[in-house]
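If you read the protein sequences in the order shown, they are chains F and V.
Mapping to this note's numbering: the first sequence position 130 is 130, numbers consecutive.
Mapping to this note's numbering: the second sequence position 15 is 15, numbers consecutive.
Quick caveat, the hints were computed from the structure, so don't treat them as lab data.
Heads up, a few of these hints could be off.
From the derived model, a few chain V residues whose C-beta atoms are all more than 10 Å from chain F [said to hold, decoys possible]: (1) Asp13; (2) Asn47; (3) Gly87; (4) Leu98; (5) Lys116; (6) Gly129.
Each computed DSSO-like pair below joins lysine-lysine, with the alpha-carbon atoms no more than 30 Å apart [stated by the list, open to error]: (7) Lys85(F) to Lys101(F); (8) Lys43(V) to Lys5(V); (9) Lys5(V) to Lys116(V); (10) Lys116(V) to Lys34(F); (11) Lys108(V) to Lys34(F); (12) Lys116(V) to Lys77(V); (13) Lys43(V) to Lys4(V); (14) Lys6(V) to Lys126(V); (15) Lys108(V) to Lys5(V); (16) Lys5(V) to Lys77(V); (17) Lys34(F) to Lys5(V); (18) Lys6(V) to Lys77(V); (19) Lys101(F) to Lys126(V); (20) Lys4(V) to Lys126(V); (21) Lys101(F) to Lys43(V); (22) Lys108(V) to Lys43(V); (23) Lys101(F) to Lys77(V); (24) Lys108(V) to Lys126(V); (25) Lys126(V) to Lys85(F); (26) Lys77(V) to Lys126(V); (27) Lys126(V) to Lys116(V); (28) Lys101(F) to Lys6(V); (29) Lys43(V) to Lys6(V); (30) Lys108(V) to Lys6(V); (31) Lys108(V) to Lys77(V); (32) Lys85(F) to Lys4(V); (33) Lys34(F) to Lys77(V); (34) Lys85(F) to Lys34(F); (35) Lys77(V) to Lys43(V); (36) Lys126(V) to Lys34(F); (37) Lys126(V) to Lys43(V); (38) Lys116(V) to Lys85(F); (39) Lys6(V) to Lys116(V); (40) Lys5(V) to Lys126(V).
Note that CB positions come from ideal geometry on N, CA and C, so glycine has one too.
Given next are the chains, with one letter for each unit.
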Amino acid sequence: MAPNRSPNRTNDKTALIVHPDMTVMSSLQSAFVKNEITAIVARDLPTALLAITQHFFDVVVVSSRISEEGDGWTLGGVLRLVFPKAFVMMIAPGTDLMSLKNAINHGVDEVLEGTASPEQIVSTALRSASVAGKSPTTPKERIQ
Amino acid sequence: MARKKKALLIVDDEINVTRTLQMVFEDEGYSVTPAYSCAEALKIMQNGHQFDGVITDLNMERDDIGLTVARRALELKPQPVVIICTGFANMSNARQALMMHVHYLATKPVELDELKSNLRRLIAIKDSGQKAGR
Chain F
1 MAPNRSPNRT
11 NDKTALIVHP
21 DMTVMSSLQS
31 AFVKNEITAI
41 VARDLPTALL
51 AITQHFFDVV
61 VVSSRISEEG
71 DGWTLGGVLR
81 LVFPKAFVMM
91 IAPGTDLMSL
101 KNAINHGVDE
111 VLEGTASPEQ
121 IVSTALRSAS
131 VAGKSPTTPK
141 ERIQ
Chain V
1 MARKKKALLI
11 VDDEINVTRT
21 LQMVFEDEGY
31 SVTPAYSCAE
41 ALKIMQNGHQ
51 FDGVITDLNM
61 ERDDIGLTVA
71 RRALELKPQP
81 VVIICTGFAN
91 MSNARQALMM
101 HVHYLATKPV
111 ELDELKSNLR
121 RLIAIKDSGQ
131 KAGR
């Protein structure tokens, strides 16, 4: 779970990637780092929950399936509660009506298909206000 | 001192649905204002009423006009919890609701216990956020 920090960082944005597939997770991490966003990765729920207690996240990318189908949505809802200003993205098998409904009801900002490339995912994150704009970085700022 | 009732605006052109939801939520302790069209809902919101929650149907005067109610409600300060309650959700209107950051999408036939508990949960989150100055 050690953060992979980008060299010569020009900002302090941090992303959390929760995905059971190591290959997907690594390529997403690389894509974020290329864009100067620190990326912390977790392959399972306990690691993701541990990361929540130790870092502040501006962007979150979660697979809708972590250990079983649909558990990613619940985690997405938790992340929305803990980081109300973060941009929360869900990678789902398809962007059907059920996925959109799940996204709305769990406070997820965007649903992307599993076929989306890491670059597409990162560029969606970069367009969000959470990354483009200033977001609080300290607990004090977060409650002001 | 008695705790102030949470205020709800319920918008649906089907009188039976509106009256039923009004009865259910008043029984839960909410103060409910019914509206039977998008135009009526917009007028009520314009009059400076503050609501803790707005529950709106989608298809009223025309298809998807409930999104106009939701959009206006999301602009209110303080922002209420906005719930869309529809039997006609599709990819297009659900995508628009997601982009607008509607708080909850319930599909008819509505599971009332689920709707009640989610409304209560979302209002509690809003209240705690507003107390923290978010």
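Go through the numbered hints given earlier and state which of them the structure violates, listing their numbers in rising order.
Hint check: 4, 6, 10, 11, 17, 33 and 36 fail, others pass.
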